[in-house]
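Participant: Below are the chains, spelled out letter by letter.
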Amino acid sequence: MNPATLIPAADALTAHWGWFQFLLMLTFPLHLFAMNALLGTALTAFIAHLFPDRAHRELSHELAKSLPFLVAFTVNLGVAPLLFVNVLYGHLLYSSTVLMGLFWLAVIPLLIIAYYLAYIYDFSFKRLGNLAMFIVLVVLVLLMGVGFIFSNNMTMMISPASWTRWFATPGGTLLNLSDPTLLARYLHMMTGALAVGGLFVALYASTRLQHDAETAEIGTRFGMQLFSWLTLLQVLVGTWFLLRLPAGVMKRFMGGDSLSTVLFAAGVILALATLVTGFKRMVLPTLWLTLALVYVMSFMRDSVRTGYLVPYFDITKVPVNVQWSPLVFFLVTLVAGIAVVIWMLAQLMNTKKAC
Amino acid sequence: MNYPVWFVPTFGGGLLIALVAIVHVFVSHFAVGGGLYLVMAERKAIKEKSQAIMDFVKKHTKFFMLLTMVFGGLTGVAIWFVISLIHPAATSLLIHTFVFGWAAEWVFFLVEIVALFVYFYAFGKMDDRTHQTIGWIYFGAAWMSLFLINGIIDFMLTPGTWISNSSFWSGFFNPTFWPSLFFRSFMSFMLAGCYGFLTATFLKDEAARHRMIRYSGVWALVSLILSVPAGWWYISVLPDKARSLVSGASPTIARAATVGAFSLAALAGLVMVLILLHPGARTRTLTVVVMIAAMGYLGAFEWTREAARRPYVINAVMYSNGILKSEVERINREGFLKNAKWVQHKEITEANQLEAGRELFLHQCFACHTVAGFNNDIINRTKSMSYGAMRKYLTSIHEKRYFMPPFVGNETELKALAAYLTAGLHKKPLTDDGGAAGDRGRVLYEENCAACHSADSIKPKIKGWDLAKVRAALDKLPALNPAMPEYNAPAPDKEAVSGYLFSLNNPGAGPPPKAQGATLYEENCAACHSLDQIKPKMVGWSKEKIRSALDKLSALNPAMPDYSGTAAEKDFLADYLVTQTGGAP
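First to last, the sequence lines map onto chains D and P.
The opening residue of the first sequence carries number 77 in this note's numbering; numbering runs sequentially from there.
The opening residue of the second sequence carries number 1080 in this note's numbering; numbering runs sequentially from there.
Bear in mind the hints are in silico, worked out from the structure with no lab data behind them.
Some hints here could point you the wrong way.
Claimed, not checked - Taking lysine to any residue pairs in the SDA-like style, the calculated list, with each CA pair at most 20 Å apart, reads: (1) P:K1141 - D:F199; (2) D:K428 - P:P1569; (3) D:K202 - P:K1141; (4) P:K1138 - D:S200; (5) D:K429 - P:F1202; (6) P:K1141 - P:I1158; (7) P:K1622 - P:L1635; (8) P:K1404 - P:S1243; (9) D:K429 - P:S1243; (10) P:K1204 - D:N78; (11) P:K1425 - D:N78; (12) P:K1141 - D:I188; (13) D:K428 - P:D1207; (14) P:K1417 - D:P157; (15) P:K1404 - D:A86; (16) P:K1320 - P:V1297; (17) P:K1425 - D:A80; (18) P:K1420 - D:N206; (19) P:K1283 - P:R1363; (20) D:K141 - P:F1142; (21) P:K1420 - D:R241; (22) D:K141 - P:K1138; (23) P:K1204 - D:A86; (24) D:K141 - P:Y1200; (25) P:K1204 - D:T427; (26) P:K1420 - D:N78; (27) P:K1420 - P:E1408; (28) D:K429 - P:K1425; (29) P:K1204 - D:A244.
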């Protein structure tokens, strides 16, 4: 069976596809930042439990306070890119979603459990004693499990060749385990996430924990080490992932597609630069470089998807029936919403200063 | 047909959607109304300078945050996950149509999160005025989320002029938008009152507890009263078909409506008891009952709304099984399997008939019917139908029972589906006669009634009825039970069915002559002559003349074969024809 015959027809767009692509590429890295901070915070909080002294315990406690926020913003900032992916690639995504329906739905209970555990970890930190360490470990494992489910769906949606398995197994119990890139891709994502998460911990410790110099110092040092060593490891994992990609897709980064090649070069340079600043424990320079790096990586990820879909789908061929007013309505809402958020955060800062 | 189907035979997707949706609806409405409750209660505490009430509001905020932000937020995402899994085609249509509505809702979701965090973590640390403003911002953003999603949900029930102009705003401000917005807003305030009860019972300060229970009670009662006319307005703007489903033509809606009405009454009563009585020690049990009643009321409304758009997932646009109404004619012409993506049998042969039938079932019926599961079990529904009856039933399934989508496909495909539903599921023979000659009543019964009533289930209900009563009942089925459709069949068919039904409790009775005559006519003559055709030819013929003609058909017209029936059968046939043509008996 020719897998291309399984691909559903894409519905018409209400704006030029470039708008959705722009919004997707704008919001997806935001989700990544929150998700990375979440994973890195959970990992650091767990590791800090392994040291019995006061400052390490205090670091875990301080990080515990940020976990519920990070879960909330990871979920919220995940909604927007998932929406735009639905618009651009929904016909592919829904197909693979049905194939792995049971796992896909499992994301929700896993997240709910992780979310409540994060609150328990935060609100009952002192009462939990040594149990706290295991709770935050469970949170980390659950969240990394969610990431694995996402990696499966994101790779399966771009591989229609794997879809024919549905005829024999229609119960939503399929994963994409036989995909040679799956493990490399997942580890690439997780290594990067934990590295950037380490950077977040360093930033958090160096800016928010100044009232406790020892804890701030431990947090900053530990976060930067996590970032630097994992980024070094990423050189290996990333290369492995690159080599596992189908030849046609890999070549896009080796001159086959000029934009992808430039992105790849920029990514390598930025990564090397962050290694230098990271090992030197320069938090802010590393942060700026990493912000750029995550955007570059997101664009590379998008190029991988485009490469995979070359034989199957071309977004520029999807019919468009433009309706401007809903787009304008959204943009106005977005600007107003951001303004209100900034105002509220400013009020919060004023309150804290007053305290 | 465009998408694969998540096939867990015993567990229908509809049930999953209903479960997740009702849980989410209960929390998400609270997330809206609760926001208003919080600022109003905070204002009350400020005005009355009551630290006890202020402490209560702070505690309630924590409960509110943990429930709405975590559980409410994630079950909202869950609905999205579930519908894209169960109704991928409809989800795609909705997302593509309303993407910027949803995107704007995401912005409000973001504002809600930030506002609620600030409101909770700055409680008691911020000046009252700013803190109240943050509370109002939270409520405004939450209500705007409701506003936006309300437009999209109601679009599914009443797409309005969107069908002709495809405009975002026509679909959004659809005919049920405003009544539904009012109803849901009142519903959310009512729920806020109900949750307020629950947390108020934990208040240690007795005077404050009494005050907050009363305060919550007034919230719940006033909103409840206001929700009734809004609900009535909502129903009154429904399109005819949906309204007739809501007013009883669908058995499941009728059940939901009963639950809703009882819950409403119970809720109103309990809330008044809570307000009027001085809230004593037992109020916590009572508040739990109030919550359950509120859940019943709102749940019944949601269930009714979901069910009222049947057989569509987007009313008059896309059927529950993902087939676009506008495509039905073309697919009927070209064939379903040829147009479907996720099927293996593009052509039907004798060898693959059952397998192809199974694929048709999967893509056209499984959206609502489980296989041996607990919701709309197809095995149970089809057990009393023969292959012949099933074929007939499928040809007019949507006309007979409006809330079922029509079968979409060509004749061969219809046969394959009928074969799967009878031979495949029940090992029934694939013979087409539907029963022995003279059993016309039974055949008609199977075609028209057996989908809902097996002969065994109907038998005790008509015990002691005489033939005339059975016959008369067939003329007024909806009067017997609003869920039953009218049986629009010619009189002879009704006579045959009533004869069959009568014979269930009176085995020796046999079908009445008229019914037998009708059957004989159908079987022997109708292939070439419809009644309308022969009526004018036989005007004024007496029964004797007809009876004797039946002995020499080939003499009347050499193209006609002689009728080989027995003398008694010829008598029955003559009896029948003379009543049909209006001649002298």
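Participant: Sort out which numbered hints this structure fails and list those numbers smallest first.
Facilitator: 2, 6, 9, 10, 14, 16, 18, 23, 28 and 29
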